[in-house]
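Protein chains: 2
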Amino acid sequence: MQNVMAVNDLFAQELRESFDQNKNYVVNLLSSPGSGKTSLLEETIKRLKKDIRMAVIEGDIVGDQDARRIAALDIPAVQINTGGTCHLDARMVKSALPELALAQVDLLFIENVGNLICPASFKLGEDLRVVILSTPEGNDKVKKYPLAFRESQVVVINKTDLLGAVDFNIEQARSEVGDINPRSEVFTVSCRTGVGLDAWVDFLKRKVRGSGG
Amino acid sequence: MQNVMAVNDLFAQELRESFDQNKNYVVNLLSSPGSGKTSLLEETIKRLKKDIRMAVIEGDIVGDQDARRIAALDIPAVQINTGGTCHLDARMVKSALPELALAQVDLLFIENVGNLICPASFKLGEDLRVVILSTPEGNDKVKKYPLAFRESQVVVINKTDLLGAVDFNIEQARSEVGDINPRSEVFTVSCRTGVGLDAWVDFLKRKVRGSGG
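As they're listed, the protein sequences go chains F and U.
Here this note's numbering is used: position 212 in the first sequence is 212, and no number is missing along the way.
Counting the second sequence from 1 gives a position; this note's numbering is that position plus 1000.
Don't take every hint at face value.
Here are some chain F residues pointing at chain U (derived, C-beta under 7 Å) [stated by the list, open to error]:
hint: 1; residue: Leu-116
hint: 2; residue: Ile-117
hint: 3; residue: Lys-144
hint: 4; residue: Arg-174
hint: 5; residue: Gly-178
If you're looking for bench data, these hints aren't it; they were derived computationally from the structure.
Heads up, the beta-carbon is just placed ideally off N, CA and C, and yes, glycines get one too.
Looking at chain F on its own, in the form it has when it is part of the complex (with noise of 0.2 Å):
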C-alpha cells in the first residue's frame, strides 16, 4: 500500500508540474455516490461559463453519462473509467490530459469516482479539494468517514431544500467539520433551488484569479 502511495506521489507530482505550467486552477471532488457532484458540476459550469474557461475530468467505474451531461454545457470533458477500482490515481489522470487543451484551461474540475472512502487517499496534483455532504446522508459521516473531511479544504453541504423533511443539522455538521480540519470553509447549497450557490461560485472565481490562472 505505501508503495501504491509513492507511485502516486510521483505521478500527482507530474500533474502538478503540467497544471502549473498551464496556469490552470484544478478542483477535485469528493462524495459519496448520489450527493450531487455532477449536479453540483452543472450549476457551477451555468454560472462560471461567461468568465472561466473550464474543463470535466469524470471519474466513474463505467459508463459516460456524467461526461455527457457536463458536455452537454458545451464544457470539454473527459470521461475515466476505473473498470472496478474505487477511486481516480494520478496515473489515471495523467492519461487523460492529452485529450483537453490544457492550455486553453482556467479551471479543471476533476469529479472523482462515489465513494467517500477510498479518493480521500490520492493526491491527483489539486489546488483545492473539496468533499459534498448531503443532508439526507445524516449527521453522522462526518465522525465516520473523517479522512475524506481531514483531507478536504472545503466541504459543500448539498440538497437544502429537503432539510425539512431529514434528519440533518446543519450547525452540528459545521461544528464537526470544525473539530476534524478548523481551517476549512463550509459552503451549504441546494442544487435544486439555487440557495447558496452564489457564494460558493464567488470563491471559486476568487481563487481561480487569486491564482493567476
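Following the hints, put chain U in place on chain F, whose structure we already have.
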C-alpha cells in the same frame, strides 16, 4: 488482487461452515454511506424481535456509533473497525465471531462499510446479500455501480417518503435492476414512516424459517 480474493474465499468458506453448524441465516447489507442501512436494521429488529433471535456485526472505518444504536434495542452487536479499509472481508468477520453466541442466533446481520463499490467483491459466507438504494441518490446509481446490484439477491429502495422532493423513479429503478439481475427481489420502504417494511420483514421471516434457522 486475485490472491486477495482467493484468501477471502477460503475465510468465507470457514464462515459458511460456522454459520451452517449454528443454523444462522446470514444477511450482508451493502450501500452508499447514508442510504439507511442502520435505520433499516433498527426498524427490522423492532418488528422481528419477538419471533426471531438476532445479532448484528457492524463494519465501519472508525467508531462504534452503529453498534450502540443496535445495542440500544437489546440485540447483541459487535463493532468491527476496519481502520481505513473500505469494506469488510471474511477474515475480519471471522475475528468477530467469538464475541457472539452464534448457537443462540437465528438471523445474523452483517452491516458492511458504507461504500457501493468494494464490499460487493468480498464474500462473507452470507446466505443473502442485500443492497440498499435511497431515493435521494438518484436513478443513475444502478447503471453506475452495477456490481453491487448484480451480486445482490435483494434491493431495498429506502426513503420513499422523499419521492415528491427528489428526482427518482421507482419503476425505472425496478426495470434497471431487472436488466442487471433478473432474479433480484425489490422492496420499497420508508424507514421514517414505516411504509413497506411489513413486506420486507415477512420476506426475511420466510427466509429464516425456510433455512431451518
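Going through the hints against the structure:
Given the 7 Å rule on beta carbons, the hint for Leu-116 (chain F) holds: about 5 Å separates it from the nearest Cβ of chain U. Interface hint at Ile-117 (chain F): satisfied, since its Cβ lies 4 Å from the closest Cβ of chain U, which is below the 7 Å cut-off. For Lys-144 (chain F), the interface hint holds, the least distance from its beta-carbon to any beta-carbon of chain U being 6 Å, beneath 7 Å. Look at Arg-174 (chain F): its Cβ only gets to about 18 Å from chain U, farther than 7 Å, so that hint breaks.
The closest approach between the C-beta of Gly-178 (chain F) and any C-beta of chain U is roughly 18 Å, which is over the 7 Å cut-off, so the hint fails.
The structure fails hints 4 and 5 (numbered hints given earlier, in ascending order).
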